[in-house]
Amino acid sequence: MKILVPIKRVIDYNVKVRVKPDNSSVDLTNTKMAMNPFCEIAVEEAVRLKEKGIATEVLVVSIGDKTCQEQIRTAMALGADRGLHIDCEQPLDSLHVAKLLTKVVEQEQPQLIILGKQSIDSDNNQTGQMLAAMANLPQGTFASEVSVEQGTVKVTREIDGGLQTLVLTLPAVVTTDLRLNEPRYASLPNIMKAKRKPLDVKPADEFGVDLSPRVEILKVTPPQKRSGGTKVSGVTELVEKLRNEAKVIP
Amino acid sequence: MTVLVYAEHDNSQLKADTAKLVSAASQLADDIHVLVAGEHCAQVASQAAELKGVTRVLQVNHSAYAHQLAENCAQLVVSIAKDYSHILAAATTGGKNFMPRVAALLDVAQISDIIQIENSATFVRPIYAGNAIATVSCNEPIKILTIRSAAFDAVETGNNAPVETLDVIKEDPRVRFDSEQLTVSERPELTAAEVVISGGRGMQNGENFALLEAIADKLGAAVGASRAAVDAGFVPNDMQVGQTGKIVAPQLYIAVGISGAIQHLAGMKDSKIIVAINKDEDAPIFQVADYGLVGDLFEILPELEKAL
Ligand SMILES: Cc1cc2nc3c(=O)[nH]c(=O)nc-3n(C[C@H](O)[C@H](O)[C@H](O)COP(=O)(O)OP(=O)(O)OC[C@H]3O[C@@H](n4cnc5c(N)ncnc54)[C@H](O)[C@@H]3O)c2cc1C
Ligand SMILES: Nc1ncnc2c1ncn2[C@@H]1O[C@H](COP(=O)(O)O)[C@@H](O)[C@H]1O
Numbered sequence: 611m612k613i614l615v616p617i618k619r620v621i622d623y624n625v626k627v628r629v630k631p632d633n634s635s636v637d638l639t640n641t642k643m644a645m646n647p648f649c650e651i652a653v654e655e656a657v658r659l660k661e662k663g664i665a666t667e668v669l670v671v672s673i674g675d676k677t678c679q680e681q682i683r684t685a686m687a688l689g690a691d692r693g694l695h696i697d698c699e700q701p702l703d704s705l706h707v708a709k710l711l712t713k714v715v716e717q718e719q720p721q722l723i724i725l726g727k728q729s730i731d732s733d734n735n736q737t738g739q740m741l742a743a744m745a746n747l748p749q750g751t752f753a754s755e756v757s758v759e760q761g762t763v764k765v766t767r768e769i770d771g772g773l774q775t776l777v778l779t780l781p782a783v784v785t786t787d788l789r790l791n792e793p794r795y796a797s798l799p800n801i802m803k804a805k806r807k808p809l810d811v812k813p814a815d816e817f818g819v820d821l822s823p824r825v826e827i828l829k830v831t832p833p834q835k836r837s838g839g840t841k842v843s844g845v846t847e848l849v850e851k852l853r854n855e856a857k858v859i860p
Numbered sequence: 002m003t004v005l006v007y008a009e010h011d012n013s014q015l016k017a018d019t020a021k022l023v024s025a026a027s028q029l030a031d032d033i034h035v036l037v038a039g040e041h042c043a044q045v046a047s048q049a050a051e052l053k054g055v056t057r058v059l060q061v062n063h064s065a066y067a068h069q070l071a072e073n074c075a076q077l078v079v080s081i082a083k084d085y086s087h088i089l090a091a092a093t094t095g096g097k098n099f100m101p102r103v104a105a106l107l108d109v110a111q112i113s114d115i116i117q118i119e120n121s122a123t124f125v126r127p128i129y130a131g132n133a134i135a136t137v138s139c140n141e142p143i144k145i146l147t148i149r150s151a152a153f154d155a156v157e158t159g160n161n162a163p164v165e166t167l168d169v170i171k172e173d174p175r176v177r178f179d180s181e182q183l184t185v186s187e188r189p190e191l192t193a194a195e196v197v198i199s200g201g202r203g204m205q206n207g208e209n210f211a212l213l214e215a216i217a218d219k220l221g222a223a224v225g226a227s228r229a230a231v232d233a234g235f236v237p238n239d240m241q242v243g244q245t246g247k248i249v250a251p252q253l254y255i256a257v258g259i260s261g262a263i264q265h266l267a268g269m270k271d272s273k274i275i276v277a278i279n280k281d282e283d284a285p286i287f288q289v290a291d292y293g294l295v296g297d298l299f300e301i302l303p304e305l306e307k308a309l
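In order, the protein sequences belong to chains P and B.
Each residue of the first sequence is one higher than the one before, counting from 611 in the working numbering.
Each residue of the second sequence is one higher than the one before, counting from 2 in the working numbering.
Worth flagging that the hints you see were computed from the coordinates, not collected in a lab.
The beta carbon of each residue, even a glycine, is placed where N, CA and C say it ideally should be.
Do not take every clue at face value.
Computed list of lysine-lysine pairs in DSSO-like fashion (alpha-carbon distance at most 27 Å, straight line) [what the hints assert, rightly or not]:
#	chain 1	residue 1	chain 2	residue 2
1	P	Lys835	B	Lys273
2	P	Lys612	P	Lys764
3	B	Lys270	P	Lys642
4	B	Lys280	P	Lys626
5	B	Lys270	P	Lys857
6	P	Lys857	B	Lys83
7	P	Lys851	B	Lys219
8	P	Lys851	B	Lys171
9	P	Lys841	B	Lys270
10	P	Lys857	B	Lys280
11	B	Lys273	P	Lys829
12	P	Lys841	B	Lys219
13	P	Lys857	B	Lys171
14	B	Lys171	P	Lys841
15	P	Lys851	B	Lys307
16	B	Lys171	P	Lys764
17	B	Lys280	P	Lys851
18	B	Lys273	P	Lys662
Here are a few chain P residues that face chain B, going by a calculated C-beta distance under 8 Å [to be verified]:
#	residue
19	Asp733
20	Leu778
21	Ala814
22	Lys851
23	Ala856
With the hints as extra help, turn the sequences into a complete structure.
Set out below in structure tokens:
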């Protein structure tokens, strides 16, 4: 069974972004970049399925400019077998990404596609579901447990009320939540080995997908600042303030 | 223009999110339909009909919609989509699950997590865990939007909109509901509560959350948690507040033993009043707290409970 894992290069999750003074977007110059944390979880899950003998091949794909090859190499150091970089300079909406991925699914015919539930930059939480719809596949989103058995995948999902378990017929799309697994670190020998693994590069415009922007960003502003920072001396003062100053408790 | 609102419910009770969605919808049009898709959900449909501003409730009662499976719900919405200029669902795990499918099937982009509506094509949404706020415009013929309900006030009740039953059954044989484990709680829901008290890694274990519950009982509060507390198994996943958990904006948020990582702040920093209790006076949570209390939570919590 082949598993496809789409991964995204994003700002490192520890970094707090700043908005550009001209309010056109956020400033990413010299910012530390990394694989989207949810994609790391997706790679880890695919690699574990391979280690269990369930998957035979793990293919990672990333869409973006050439810097995202760095994240593809990281995924290969974590155990992915093969990489595909879809080269594209312009920013894309999740809809475009899903369309390109649909083409990859048609070409590669994976049995399972594991994506992150959400990119931590756009915070869209759309691509996996859109891909599933366009490739006409069932989906198990926000997965905290995945088990593949006889042509199906059982997915336990983190939902607002608790947990929900679904059984999907393969091929299917799964998106990862935080508690699906804890990604490993790449070892130095594996980082070296990853350099020799095959990485294909294809320009996005070869896929025949209309990439004209659907959503226009008019401006990006910093969030309203909170005027926090005040300390109280103890419980008595706290309760007094909550009651009489903030008036949020009776 | 007519706007469709997808109702959030559990087949017996309409969720508070829906009244907030209707209020968002009323900024877009005067004609607002609410779709109630579920099984044995007639009661929910009547509750939706009571919401001020709703002009029609569309009800679909079938086992295919009992568990809000994305494949089925998306097909249902797509089958009636052409009559609407905008389709709104809550930015909950329910709306996030099926709405992008609707968008993809209609070949339009989706705009997620809207906190403000500027006009019928311009919307405001947080990005980068709320560290930037984007104003975006979208010219798609049908606008597919998920709404962060904490950012909108609920409409009132007292209406009596007509309820119409639809007979559209979409059932994807490739997905089967297996089971669910729902958290039962007597407390208000996290996203609807006026007061939320959350615990982090500093709570040390699940039993110690009883200290928070004792206070929650006195304040009628919901109890939340940081990711670290959920990952460590102290409490279930549905209690996580943050960028990738639930977004809350209560009148009062009390963070106990939580350091204040950006991902946690993303889920609570729009609360009216924030209280932080932490033994580390340099914890970043204090930078957003209106009232910070430095000290050991195991001493402070029992004292606080007594004082309330
Ligand atoms: C992709 C991604 C998504 C994430 N999404 C979320 C999310 O949605 N929500 C979320 O919360 N996190 C999220 N995180 C995790 C986040 O980065 C932090 O790791 C997490 O919020 C830390 O939780 P914490 O504050 O409970 O733990 P810590 O950071 O370990 O803080 C514990 C705090 O407790 C205090 N403390 C300890 N003992 C006591 C005591 N006896 N009395 C008083 N204080 C005490 C300490 O001083 C410390 O400040 C996400 C991370 C990633 C990478
Ligand atoms: N440019 C991209 N290249 C590859 N995968 C992507 C890209 N953008 C999004 N994805 C995948 O889609 C998931 C969800 O992203 P989003 O819908 O943007 O929140 C990510 O975790 C990735 O798995």
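Hint-by-hint comparison with the structure:
1. The hinted pair formed by P/Lys835 and B/Lys273 meets the criterion: a straight-line CA distance of about 13 Å does not exceed 27 Å.
2. Only pairs whose Cα atoms come within 27 Å are accepted, and P/Lys612 paired with P/Lys764 is accepted, the gap being roughly 17 Å.
3. Distance restraint check for B/Lys270 and P/Lys642: the Cα-Cα separation of roughly 25 Å lies within the 27 Å cut-off, and the hinted pair is therefore satisfied.
4. With a C-alpha separation of about 24 Å, the suggested pairing of B/Lys280 with P/Lys626 holds against the 27 Å cut-off.
5. Distance hint between B/Lys270 and P/Lys857 is fulfilled; the C-alpha atoms sit about 19 Å from each other, no more than 27 Å.
6. Between P/Lys857 and B/Lys83, the direct Cα distance comes to roughly 48 Å. Violation of the 27 Å bound is thereby established for this hinted pair.
7. The suggested pairing of P/Lys851 with B/Lys219 holds, with an alpha-carbon distance near 17 Å, which does not exceed 27 Å.
8. Restraint check for P/Lys851 and B/Lys171: not satisfied, since their Cα atoms lie roughly 55 Å apart, outside the 27 Å limit.
9. Restraint check for P/Lys841 and B/Lys270: satisfied, since their Cα atoms lie roughly 17 Å apart, inside the 27 Å limit.
10. Our distance criterion of 27 Å between C-alpha atoms is met by P/Lys857 and B/Lys280, whose separation comes to about 26 Å.
11. Of the supplied pair hints, the one linking B/Lys273 and P/Lys829 holds, its CA atoms being roughly 26 Å apart against a limit of 27 Å.
12. At most 27 Å may separate the alpha-carbon atoms for a hinted pair to count; P/Lys841 and B/Lys219 meet this at roughly 23 Å.
13. A threshold of 27 Å between alpha carbons decides the hint, and for P/Lys857 with B/Lys171 the separation of about 50 Å lies outside it, so the pair is violated.
14. As the CA atoms of B/Lys171 and P/Lys841 are separated by approximately 56 Å, the hinted pair breaks the 27 Å bound.
15. Distance restraint check for P/Lys851 and B/Lys307: the Cα-Cα separation of roughly 16 Å lies within the 27 Å cut-off, and the hinted pair is therefore satisfied.
16. A distance of roughly 22 Å separates the Cα atoms of B/Lys171 and P/Lys764; the hinted pair therefore holds under the 27 Å criterion.
17. A threshold of 27 Å between alpha carbons decides the hint, and for B/Lys280 with P/Lys851 the separation of about 20 Å falls inside it, so the pair holds.
18. Only pairs whose Cα atoms come within 27 Å are accepted, and B/Lys273 paired with P/Lys662 is rejected, the gap being roughly 49 Å.
19. Restraint check, P/Asp733 versus chain B: the minimum CB separation of about 6 Å is within 8 Å; hint holds.
20. The criterion of a C-beta within 8 Å of any C-beta in chain B is met by P/Leu778, whose closest approach is roughly 5 Å, and the hint holds.
21. Taken as an interface hint, P/Ala814 does not check out: its beta carbon lies about 17 Å from the nearest beta carbon of chain B, beyond 8 Å.
22. The closest approach between the C-beta of P/Lys851 and any C-beta of chain B is roughly 6 Å, which is under the 8 Å cut-off, so the hint is satisfied.
23. For P/Ala856, the interface hint holds, the least distance from its beta-carbon to any beta-carbon of chain B being 5 Å, beneath 8 Å.
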